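Q: Sequence:
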Amino acid sequence: MRINSIGDAILRVVATILVAVPTFLLAMLLILSFSSKLGWLPASGASSLASYILPVITCGGPYGCAILRMTRSTMLEEIRQDYVRTAKAKGVPDNVVTYKHALKTPYYRWLQPLVRTSAQYLVGPWWLRLCFHYWIGSLVILGIRSKEHPHCCASVRLISIFFAIIMLAVDMLYAFIDPHQSKVCQE
29 MRINSIGDAI LRVVATILVA VPTFLLAMLL ILSFSSKLGW LPASGASSLA
79 SYILPVITCG GPYGCAILRM TRSTMLEEIR QDYVRTAKAK GVPDNVVTYK
129 HALKTPYYRW LQPLVRTSAQ YLVGPWWLRL CFHYWIGSLV ILGIRSKEHP
179 HCCASVRLIS IFFAIIMLAV DMLYAFIDPH QSKVCQE
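Take the position in the sequence shown, starting the count at 1, then add 28; the result is the number in the working numbering.
Rather than coming from a laboratory, the hints here were simulated on the basis of the structure. A hint or two may mislead.
To be verified - Straight-line distance between alpha carbons at most 35 Å, and here's what the computed DSBU-like set of lysine-lysine pairs gives:
#, residue 1, residue 2
1, 128, 116
2, 132, 118
3, 116, 132
4, 118, 128
None of these values were measured; they are calculated from a predicted model.
Full structure from sequences and hints, please.
A: Structure (structure tokens):
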């Protein structure tokens with residue numbers, strides 16, 4: 029997508045709106061429009077794959093838009109760097125310059141916030157439990173309310189395992205994106 033094109037402008041407006049709208053309000057608007065009015069998606073429950081669409085859009089939409097804005101601003105900085113201009117002057121195709129050279133820096137900028145935010149969304153915010161009536165965090169609350177300590181402990185362990193897997197995946201991504209960093213860590 030070209031800078032300042034119509035598609036770029038539309039994406040910027042949508043991203044700004046989705047980042048600015050509170051997520052619990054977005055959840056209510058999605059339930060009202062797609063479940064109540066149109067009847068396309070279920071409002072709650074976990075009966076089918078379609079019942080996960082609204083919670084995923086509610087959680088991931090604003091965060092994905094924040095990553096989009098962060099990546100766009102970083103790419104605008106990186107395109108003006110000397111090494112990118114040198115690669116273009118040597119005749120390297122634009123898509124190779126974009127994906128192999130310019131996109132490496134934005135990866136570093138959004139991987140760390142991704143790890144921090146993933147713990148929040150893994151457990152599930154309180155409004156998500158109120159709006160959609162399920163998430164992993166509601167297992168912990170169910171265990172506390174029914175005084176089933178093994179149930180509560182198992183849920184916390186499950187959350188910890190998921191978070192450890194996410195952390196491992198991010199470390200592996202860092203090594204894949206910049207092999208030099210993994211060599212520095214080994215020394």
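Q: Work down the list of hints and note, for each, if the structure agrees.
A: Status of each hint after checking the structure:
Taken as a hint, the residue 128 and residue 116 pair is honoured in the structure, with Cα atoms around 12 Å apart against an allowance of 35 Å. Of the pairs offered as hints, the one joining residue 132 and residue 118 holds, with about 20 Å between alpha carbons and a cut-off of 35 Å not exceeded. With a C-alpha separation of about 16 Å, the suggested pair residue 116 and residue 132 falls inside the 35 Å cut-off, and the hint holds. Proposed proximity of residue 118 and residue 128 is supported: the alpha carbons are some 15 Å apart, at most 35 Å.
The structure agrees with every numbered hint stated previously.
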